[in-house]
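Student: Protein sequence lines, in the order shown, are assigned to chains A and B.
FYI, the numbering for the first sequence is 1 to 215, going by this note's numbering.
FYI, the numbering for the second sequence is 216 to 577, going by this note's numbering.
Treat the hints with care, as some may be off.
With beta-carbon atoms standing in for the labels, derived distance ranges [stated by the list, open to error]:
id, chain 1, residue 1, chain 2, residue 2, range
1, A, S58, B, H263, 43 to 51 Å
2, A, K140, B, K427, 23 to 31 Å
3, A, K191, B, D527, 48 to 56 Å
4, B, P384, A, G127, 27 to 35 Å
5, B, D442, A, E29, 48 to 56 Å
6, B, P435, A, D174, 25 to 33 Å
7, B, T510, A, G143, 36 to 44 Å
8, A, S33, B, D442, 57 to 65 Å
These are computed hints drawn from the structure, not numbers from a lab.
As the structure is a computational prediction, the values presented were derived from the model and not from experiment.
All residues carry an ideal CB built from backbone N, CA and C; glycine is no exception.
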Amino acid sequence: MTKKEELLKALSECVVEMEDDKVIPIAEEYIKSGYPAIDGLLLGLVDGMNKAADLYESEEYFIPELMICSDVMYNGMDILRPHLEMSDSQQKCKVVIGVVEGDTHDIGKNLVKIMLEAAGYEMIDLGRDVPAASFIDAVKNKGAKVVALSTLMSTAISNMQKVVELLDKEGLRDSIKVIVGGGPISLELAKKLGADGYSKNAVEAVKLVNRLMGA
Amino acid sequence: MMKRDSMTPAERGAAIANGMEVDRLPCNPNVANGVARVYGCKISEFNHNPKALAEAQVAAYRKFGYDSLRIFTDLFTWAEAMGATVAHHDDSTADLEKPAISRIEDIDKLRPADPYRDGRLPVHLDAMKYVRELAKDEIKCSAGIVGPFTNAFFLLGVNDTMKLIHKDPEVVHKLCSISLETCKAYAKAALDIGFGPTISEPMSSSTVVSPKAFREFSLPYLKELVDFIKDYDGTKVTMHICGQTEKIWKDVADLGIGGISIDNVASLEDCKLAIGHRTKIMGNVDPSGIMYLGTPRDVRIKTLESILHGYDSPKGYVVMSGCSLPVETPFENIQMMMDTVREVGYPVCPERVEGMLADCRK
Chain A
1 MTKKEELLKA
11 LSECVVEMED
21 DKVIPIAEEY
31 IKSGYPAIDG
41 LLLGLVDGMN
51 KAADLYESEE
61 YFIPELMICS
71 DVMYNGMDIL
81 RPHLEMSDSQ
91 QKCKVVIGVV
101 EGDTHDIGKN
111 LVKIMLEAAG
121 YEMIDLGRDV
131 PAASFIDAVK
141 NKGAKVVALS
151 TLMSTAISNM
161 QKVVELLDKE
171 GLRDSIKVIV
181 GGGPISLELA
191 KKLGADGYSK
201 NAVEAVKLVN
211 RLMGA
Chain B
216 MMKRDSMTPA
226 ERGAAIANGM
236 EVDRLPCNPN
246 VANGVARVYG
256 CKISEFNHNP
266 KALAEAQVAA
276 YRKFGYDSLR
286 IFTDLFTWAE
296 AMGATVAHHD
306 DSTADLEKPA
316 ISRIEDIDKL
326 RPADPYRDGR
336 LPVHLDAMKY
346 VRELAKDEIK
356 CSAGIVGPFT
366 NAFFLLGVND
376 TMKLIHKDPE
386 VVHKLCSISL
396 ETCKAYAKAA
406 LDIGFGPTIS
416 EPMSSSTVVS
426 PKAFREFSLP
436 YLKELVDFIK
446 DYDGTKVTMH
456 ICGQTEKIWK
466 DVADLGIGGI
476 SIDNVASLED
486 CKLAIGHRTK
496 IMGNVDPSGI
506 MYLGTPRDVR
516 IKTLESILHG
526 YDSPKGYVVM
536 SGCSLPVETP
546 FENIQMMMDT
556 VREVGYPVCP
566 ERVEGMLADC
576 RK
């Protein structure tokens, strides 16, 4: 194994094993050794996040573990990002994401954002308790192709519907894919809401967006 | 004309407990703050007006005739009484705005809540006294409470506490342990009024934390709370955990509880096979997809399916929604759940229920 491969493996392992402090000196060493930042990101940190996602799917990892893994990934990214070449930052399409109005639970939304970001999508995060009109504005102003709506509260579901209706009214519905997720949401319900897709967790959300965007 | 009940919920409950005939299965659509819609008040009126809270609960019970009456408004009442800031909206359910402490260093400043003095706890206790006057012996009422583990998250913030499960387990134990004292004090105050506690433990769900984390951080404190309540006057609590719970059913049954209610993502049939011989099971009609957004026909189908899955559970079964209903759930859907249970009657004849289902699906 070359030194580069060893460092990439170490970066990946830091993410999987939740080593949020250890990742920083390893990322620094990686950059100091002159290796391309983009590889450190994709073959190191993102590889680790994908492995963490596999562990989540096999029910070895749960929400706390994924949250710490993503912290590690961000800590490493902070070191690598300034060294990325311009051409490295070619993104897949833009995705507007947010927790709909009436709800402030954002753990699920953040995990989806992280996973999509790791998969190369440019994320426009509107935060939580977001009014329907703000989603529409973001779609218009940023040229997003996907809107991802999240809620944990069954009481806020009607506000998801509002976003879909507003997109319709503004004539934007046909050029936008709407995906929904969160505790009370199901595939059945997503269809009723008029969404293009539903995923039951952050890992599935990446597959879903890839599928919808034909990636 | 729809069949009417010939027993009160209290008579029905007692008869079932003694293995006697009843008029129908017990049913709890799980109307939560939606009682405001029946009573015609805003949800914010519940926060400081115990009489409104009590009258709204009783009004909804009288309208639908269901078998459960619980004083509970939101998950944050106990954390608020320990110093958390809660956003009280005009007419929607309260939400956590700021946890009780923002730094681990402040953990020793936390104190257990005094149910007679702190936050909205006295409002809830007074509401119980009003309900007791209004409902008399018609229905056995309960006091909703969150479990110590769930409450712990609201003391230091959900995100931080989640990570501390790995990074500083002792802090999580401390938060749970002080939450337990609040839970015990509140449970005792409720029992003194004659209300049996029902514990909600959403954070214990395997949709959130691993069964391992549940066993290490939640279960020991739950056990102490359940035992405390049992030792106080023999009351067996009922328990609700949202999301997926299959891997922790046995742990929960081992607590020696009076019943467990499960979410629609968990299987009622599997739950019956796993722990139905040890405790009463309740659930699990989808509260949002079916009860809130579905048609009365959807409600009827899902209620009948639930009955077929649960009716023969050895220690009893209650038709129930998988979680608290959204505030704006249509009355006709709630009514449909009740009417369906009335029409099925008792003892449940599965062939007849199958027939009713087939008619519905035509």
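Student: Now tell me if each hint is right for this structure.
Tutor: Now for the hints, and whether the structure bears them out:
1. A:S58 / B:H263: 43 to 51 Å: With Cβ atoms ~48 Å apart, the hint holds.
2. A:K140 / B:K427: 23 to 31 Å: This hint is violated: roughly 46 Å between Cβ atoms.
3. A:K191 / B:D527: 48 to 56 Å: violated (33 Å)
4. B:P384 / A:G127: 27 to 35 Å: Holds: the Cβ-Cβ distance is about 30 Å, inside 27 to 35 Å.
5. B:D442 / A:E29: 48 to 56 Å: holds (53 Å)
6. B:P435 / A:D174: 25 to 33 Å: Violated - the Cβ-Cβ distance for B:P435 and A:D174, about 55 Å, lies outside 25 to 33 Å.
7. B:T510 / A:G143: 36 to 44 Å: Given range 36 to 44 Å: holds, Cβ gap about 39 Å.
8. A:S33 / B:D442: 57 to 65 Å: holds (58 Å)
In this structure, the earlier hints numbered 2, 3 and 6 are contradicted, and the remaining ones agree with it.
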